[in-house]
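Chains as they are written, first to last, in the numbering used here: chain P, 1 to 308; chain W, 1 to 308; chain G, 1 to 308; chain Z, 1 to 308; chain U, 1 to 308.
Since the hints were made in silico from the structure, they are not lab data.
Treat the hints with care, since some could be wrong.
Since the list can't tell identical chains apart, any single copy or any two copies may satisfy a pair.
Said to hold, decoys possible - The calculated DSS-like cross-link candidates involving lysine-lysine, where the alpha carbons are at most 30 Å apart (straight line), are:
| # | residue 1 | residue 2 |
| --- | --- | --- |
| 1 | K282 | K146 |
| 2 | K201 | K17 |
| 3 | K146 | K17 |
| 4 | K146 | K252 |
| 5 | K282 | K15 |
| 6 | K252 | K110 |
| 7 | K110 | K264 |
| 8 | K201 | K146 |
| 9 | K110 | K146 |
| 10 | K17 | K264 |
| 11 | K15 | K146 |
| 12 | K15 | K264 |
These numbers come from a predicted model, not from an experiment.
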Amino acid sequence: MLLKKNIPVNYVVGKIKGELILVAAYGIIIALFHQFFPSLRISIPIAVPAILATIISLLLAFRSNQAYDRWWEARGIWGAIVNDSRSLAREMTTFLGMNDGSEEIETFKKRFLNRQIAWCYSLSQSLRGQNAYIRSIDFLVDEEVKFTRRFSNMPNALLKLHGMDLRLAHRNGWLNDYQQVQIDGTINRLCDAMGKCERIKNTVFPVTYSLYIHFCLYLFIALLPFGLIEYFGMFEVPLIIAIAAAFLLVEKMAIHLQDPFENKPTDTPTTAISQTIERDLKQMMNDSPEIGLNSKSDQDKESVYYIL
Amino acid sequence: MLLKKNIPVNYVVGKIKGELILVAAYGIIIALFHQFFPSLRISIPIAVPAILATIISLLLAFRSNQAYDRWWEARGIWGAIVNDSRSLAREMTTFLGMNDGSEEIETFKKRFLNRQIAWCYSLSQSLRGQNAYIRSIDFLVDEEVKFTRRFSNMPNALLKLHGMDLRLAHRNGWLNDYQQVQIDGTINRLCDAMGKCERIKNTVFPVTYSLYIHFCLYLFIALLPFGLIEYFGMFEVPLIIAIAAAFLLVEKMAIHLQDPFENKPTDTPTTAISQTIERDLKQMMNDSPEIGLNSKSDQDKESVYYIL
Amino acid sequence: MLLKKNIPVNYVVGKIKGELILVAAYGIIIALFHQFFPSLRISIPIAVPAILATIISLLLAFRSNQAYDRWWEARGIWGAIVNDSRSLAREMTTFLGMNDGSEEIETFKKRFLNRQIAWCYSLSQSLRGQNAYIRSIDFLVDEEVKFTRRFSNMPNALLKLHGMDLRLAHRNGWLNDYQQVQIDGTINRLCDAMGKCERIKNTVFPVTYSLYIHFCLYLFIALLPFGLIEYFGMFEVPLIIAIAAAFLLVEKMAIHLQDPFENKPTDTPTTAISQTIERDLKQMMNDSPEIGLNSKSDQDKESVYYIL
Amino acid sequence: MLLKKNIPVNYVVGKIKGELILVAAYGIIIALFHQFFPSLRISIPIAVPAILATIISLLLAFRSNQAYDRWWEARGIWGAIVNDSRSLAREMTTFLGMNDGSEEIETFKKRFLNRQIAWCYSLSQSLRGQNAYIRSIDFLVDEEVKFTRRFSNMPNALLKLHGMDLRLAHRNGWLNDYQQVQIDGTINRLCDAMGKCERIKNTVFPVTYSLYIHFCLYLFIALLPFGLIEYFGMFEVPLIIAIAAAFLLVEKMAIHLQDPFENKPTDTPTTAISQTIERDLKQMMNDSPEIGLNSKSDQDKESVYYIL
Amino acid sequence: MLLKKNIPVNYVVGKIKGELILVAAYGIIIALFHQFFPSLRISIPIAVPAILATIISLLLAFRSNQAYDRWWEARGIWGAIVNDSRSLAREMTTFLGMNDGSEEIETFKKRFLNRQIAWCYSLSQSLRGQNAYIRSIDFLVDEEVKFTRRFSNMPNALLKLHGMDLRLAHRNGWLNDYQQVQIDGTINRLCDAMGKCERIKNTVFPVTYSLYIHFCLYLFIALLPFGLIEYFGMFEVPLIIAIAAAFLLVEKMAIHLQDPFENKPTDTPTTAISQTIERDLKQMMNDSPEIGLNSKSDQDKESVYYIL
């Protein structure tokens with residue numbers, strides 16, 4: 001269970017290749033120096049790097065925790081977007097269905113749900129700093145696109161269009177008073193999810209911590225050979241590389257996890273999630289006549305993107 | 001209280017048997033080497049493996065925490081499914097009951113609650129990557145089965161059927177406006193629970209951590225004999241096995257806890273919980289005339305599956 | 001403030017008496033051996049047990065945290081039951097009061113609130129694995145008792161009766177549509193609380209952790225004398241007992257806290273809380289004409305049971 | 001920013017004065033003994049107290065965390081009381097205002113909001129184990145006082161009066177159906193806040209932990225001089241006092257934080273918060289014609305009480 | 001990714017410049033003394049400062065955690081304010097829009113949304129202890145300003161005006177009963193957010209911790225040279241400065257994070273967030289005809305202020 005098929009190990013190792021080469025060179029120089037200039041041998045008690053290691057472990061644990069929490073919160077928000085999109089689709093299709101058979105209502109429902117799909121794609125794109133229209137434009141009618149052009153925040157504009165359609169449906173008597181308010185509550189939750197994503201995206205993890213940990217880490221690596229060389233001789237080189245690699249990997253992972261919307265392979269898979277929403281909403285609208293795929297293969301497809 | 005009757009200790013130990021044999025062989029080789037080649041004795045200060053032990057402890061604590069949180073969250077979600085299923089059943093049976101005596105309503109209620117039971121089973125099955133129809137099909141009528149075949153996500157299809165039945169009940173005047181919206185809120189919560197389970201199922205725990213901890217652990221075990229052999233001689237072998245077993249068990253447990261829907265004996269007992277829901281809902285529908293079992297024996301039955 | 005009057009210190013110490021006697025005997029044997037067989041003296045560096053102590057501290061901290069969280073969650077759930085019972089009573093007495101003076105409504109209210117008291121007692125009893133009828137039966141009419149006999153889960157049956165009474169009140173026009181739905185929401189919250197208690201009761205804390213910590217602890221205690229004897233001689237015996245007692249107490253406490261519904265003096269005081277609910281609800285029903293006790297004495301009564 | 005003007009440092013130090021004098025005496029005796037009886041010198045490796053220090057740090061961290069969480073939760077609950085009191089006042093003044101000009105409604109509103117102020121004061125008093133009527137009685141009419149005398153729990157009685165007034169307003173047509181239910185929801189939240197405060201007040205922090213930490217701490221202080229005296233001689237005395245003071249202060253603070261309703265200067269400032277609520281509600285009722293104070297001075301007044 | 005363009009490193013380092021100069025001077029004096037008075041050399045085992053380092057790390061981790069939580073909570077509250085402001089705007093524009101075309105309603109909507117913008121600015125200002133009218137007055141009509149002058153808490157006064165306008169809209173039939181209650185719920189959430197900000201602002205972090213950590217830190221720095229000088233000689237000076245800088249930076253950061261409303265460059269960017277709300281609400285009111293900026297540039301503008 002430890003290893004998933006598609007781990008981009010090369011991708012991960014590639015991130016710290018540069019650092020590791022430097023560390024190796026540094027270790028070799030120290031070892032050679034130790035070998036050929038016995039009179040200049042410097043050796044420090046192992047306790048000094050040990051203390052640093054403990055402190056770094058504590059700080060990395062703190063940092064990993066916070067980074068993991070951000071990442072998990074981001075994942076949870078997109079999970080909530082899935083849930084609320086499905087709830088919205090169910091409510092729109094079953095509340096409005098009171099007057100079945102009307103062509104007008106069917107068109108209305110379809111436009112509404114397509115706009116919800118567009119909302120997911122546009123939020124995904126704009127969180128990654130890319131053009132919010134790229135995929136979403138396929139699910140919008142021209143008037144809607146024109147309307148959203150006036151807004152800085154396209155997903156917010158789409159939510160306003162949701163609200164305006166809700167008013168239309170209420171005015172036409174397709175929704176009763178309670179149903180309007182209930183669906184409005186669902187849209188509020190989507191609005192909350194959008195704002196939470198923006199908060200995570202826009203709030204930088206305190207930089208001092210990063211710098212401090214980084215600095216302690218290099219201090220530790222610089223001292224380590226002097227503490228080990230007495231016992232291990234030339235063998236200290238692989239040991240130093242191994243220990244340094246471990247610490248650097250954990251630090252790297254925290255850096256990746258803490259910014260889950262940066263269009264990297266380790267991101268929250270917002271595009272894959274949006275595709276799931278598209279599939280589910282299309283099936284709930286009834287315009288996807290093919291037999292459903294089995295759900296397992298979908299999971300495989302998704303999990304490819306989750307790995308660090 | 002520490003030991004529950006049904007602990008599959010063998011199951012647990014079996015998981016690390018392979019590793020322990022290797023560790024034992026390694027320890028014996030070192031000890032023999034130490035014994036018969038005194039001139040080549042290598043001994044390192046105990047502080048070196050000690051540092052590694054502290055770091056590993058911190059990282060395992062972090063990891064166990066996250067794994068435990070995932071497991072506990074999964075358990076909490078299924079607890080919420082129990083609660084919302086009961087609430088749904090209570091609301092359906094008491095809200096709709098306004099026009100008692102009607103055969104049609106009774107059939108309707110029964111179909112609705114049976115579908116809720118089917119929903120639990122199908123969610124349980126599909127989370128484990130198994131055929132979602134296996135148990136649930138017994139609680140569905142043919143039309144429902146046919147309807148769900150069009151969907152990739154069967155539990156979601158059942159929720160849509162819930163919503164359509166709600167519309168039917170509202171249109172027939174069996175539910176008033178508020179009651180429809182109230183029950184719709186309960187279905188929304190079920191939809192949330194479903195999405196949360198999928199999130200846990202589909203989100204892989206960051207693999208780098210696993211690899212890093214695994215790697216540190218073996219490094220630690222490899223160094224440990226050299227640190228202990230000076231003081232313990234041959235006695236280092238059982239000591240090494242004991243310490244290695246402890247660390248490996250904790251790591252193994254974290255690996256198990258972090259994926260609570262994998263059809264292993266340590267999973268969230270979704271099938272047992274679904275059976276509890278089936279029992280409760282059947283009794284609330286009144287078609288289970290037998291005297292209730294005492295609740296204790298049920299607990300025993302369930303707890304068998306909870307143990308790691 | 002550290003010590004509360006009623007600490008059952010004996011109760012606590014009694015739990016680890018057996019272990020302590022063994023530890024003392026073990027320490028004495030080692031010390032005597034050390035004294036009389038100087039040639040066989042074994043002494044290990046203090047660093048070895050020290051490492052184990054650090055690891056055990058980390059694991060006990062993790063475990064205490066989880067156990068404390070379970071205990072605090074259980075306490076919080078029963079706090080919520082108090083709140084929702086009071087809210088339910090307030091809503092029933094003030095919503096239904098629209099047609100004051102009617103004998104029928106007064107009887108109805110009384111039956112409803114009595115059933116809520118019965119619900120608390122029956123939940124408390126069934127969580128502890130005891131007969132759910134023992135106290136609750138005094139607050140139920142015969143028909144209700146007969147109805148609940150058909151259910152495995154008595155508290156759930158009582159909630160269904162709540163729902164049926166709500167329907168009755170609504171049909172008779174005693175409650176308007178909104179009020180029915182609002183009270184239904186309160187009953188949903190009680191249903192949630194019930195399910196959460198069952199979840200805590202039925203979910204065993206992962207046994208591997210317990211075993212692992214237990215095992216490490218004894219390994220640590222077994223090694224400790226050899227690390228201390230060089231510096232302390234015979235004085236190591238009280239020191240070992242003191243340190244072992246401390247660790248064992250913390251472990252014991254975690255074991256107790258993690259299962260808060262086991263009918264032990266350290267449990268969540270569900271019976272005392274149910275009595276508080278009974279008192280409050282009776283006073284809100286107006287059939288308790290005596291002057292209220294001052295609230296302080298009640299607190300004293302309760303706090304007796306909270307101590308470990 | 002570290003020091004606030006009004007820190008009662010004396011208050012804090014006063015709490016541990018006794019302990020510190022004992023520690024100083026103990027340190028001096030050891031040092032003199034060491035000086036004048038060189039043949040009996042006892043010196044233990046610094047590692048022994050060091051291990052204890054690490055363990056105590058971990059346990060104090062756990063305890064501080066839980067104590068801080070209780071204190072912060074208590075503060076959060078009173079924050080929620082402020083919010084809900086304001087919401088209640090806003091809802092009462094704007095919902096009921098539909099029929100402006102009526103003398104009767106104005107009196108009704110005033111009585112309701114005064115009762116809400118009384119509720120805050122009575123909750124604050126009864127949490128501290130004091131007479132719940134002391135300040136609150138000024139805001140109640142005689143009938144209300146008489147009514148509450150029948151209850152053990154005065155704040156709960158006031159909430160019931162709230163509910164009865166809500167019924168009155170509904171029956172008189174001053175509130176429509178939705179408004180009654182909405183305000184009832186706000187009262188439910190106040191009821192929850194009350195119950196949560198009682199839960200914190202009545203739930204004792206597990207005593208074993210306290211005892212265990214206390215015991216470890218004194219063991220540590222007793223061993224410390226023997227570990228330091230070799231390196232520091234007479235200078236160990238101030239060092240021991242300093243280290244002991246630090247640990248004792250942290251322990252003391254945890255003890256204070258964990259019980260936030262005990263009428264100590266470090267409590268949750270329930271009285272000050274109640275005064276803020278009184279001020280805000282009076283201004284919202286319009287019977288406070290003076291120009292508002294600037295908000296800064298209020299903050300100063302409050303923050304005086306928050307410091308430990 | 002580690003470094004953002006606009007890190008005010010000088011700002012950060014400036015904060016600890018004084019301390020670092022003192023530390024450097026201290027280290028140099030010790031080193032010179034060691035060099036020139038060999039007979040008076042004092043050297044302590046490295047274990048003594050090592051223990052202190054571990055303890056300080058644990059305490060700083062606890063403190064950083066709490067400070068980070070306060071900061072993140074503050075950020076989350078302002079995120080919720082964004083969400084609820086948008087929801088409020090969407091609800092006001094689409095619920096009230098039932099009678100489109102009416103000049104009166106359009107004026108009403110505009111006044112309402114402008115007041116919401118004013119509320120954000122006034123809350124931002126008053127949290128920082130500044131004049132609450134500075135920016136907000138531009139968005140208020142004279143009557144509103146006059147009304148708020150009577151209140152100590154201006155944002156609360158604005159919420160009361162919101163409620164009064166809601167009553168007006170309801171009385172005029174612009175909003176139906178459910179819509180009034182739904183919008184009232186949104187205002188309640190804004191009221192909660194306001195109270196939560198005040199809670200964080202007014203609750204001082206327990207001062208004892210700060211003092212204790214500060215004190216331990218200086219004790220540690222004072223002892224450190226004596227532990228290192230034996231191995232490093234004059235090289236201990238840069239090492240001491242580096243280690244001291246690291247600890248002092250982490251402490252400083254905790255101090256900054258724990259008070260997120262103090263008008264410092266590391267604050268929660270309440271003004272920038274208010275500007276975002278202003279932009280979004282203006283666009284939703286339709287009086288901002290220009291084409292929206294792309295959202296990326298906005299994020300850059302904001303993130304400037306988030307860095308420590």
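Cross-check of the supplied hints:
no. : hint        : verdict
1   : K282 - K146 : both (24 Å within a copy, 18 Å between copies)
2   : K201 - K17  : within (28 Å within a copy, 32 Å between copies)
3   : K146 - K17  : neither (48 Å within a copy, 55 Å between copies)
4   : K146 - K252 : neither (42 Å within a copy, 49 Å between copies)
5   : K282 - K15  : neither (40 Å within a copy, 44 Å between copies)
6   : K252 - K110 : neither (44 Å within a copy, 49 Å between copies)
7   : K110 - K264 : neither (33 Å within a copy, 42 Å between copies)
8   : K201 - K146 : within (27 Å within a copy, 40 Å between copies)
9   : K110 - K146 : both (19 Å within a copy, 23 Å between copies)
10  : K17 - K264  : within (18 Å within a copy, 38 Å between copies)
11  : K15 - K146  : neither (43 Å within a copy, 50 Å between copies)
12  : K15 - K264  : within (12 Å within a copy, 35 Å between copies)
Hint check: violations occur at hints 3, 4, 5, 6, 7, 11; the rest are consistent with the structure.
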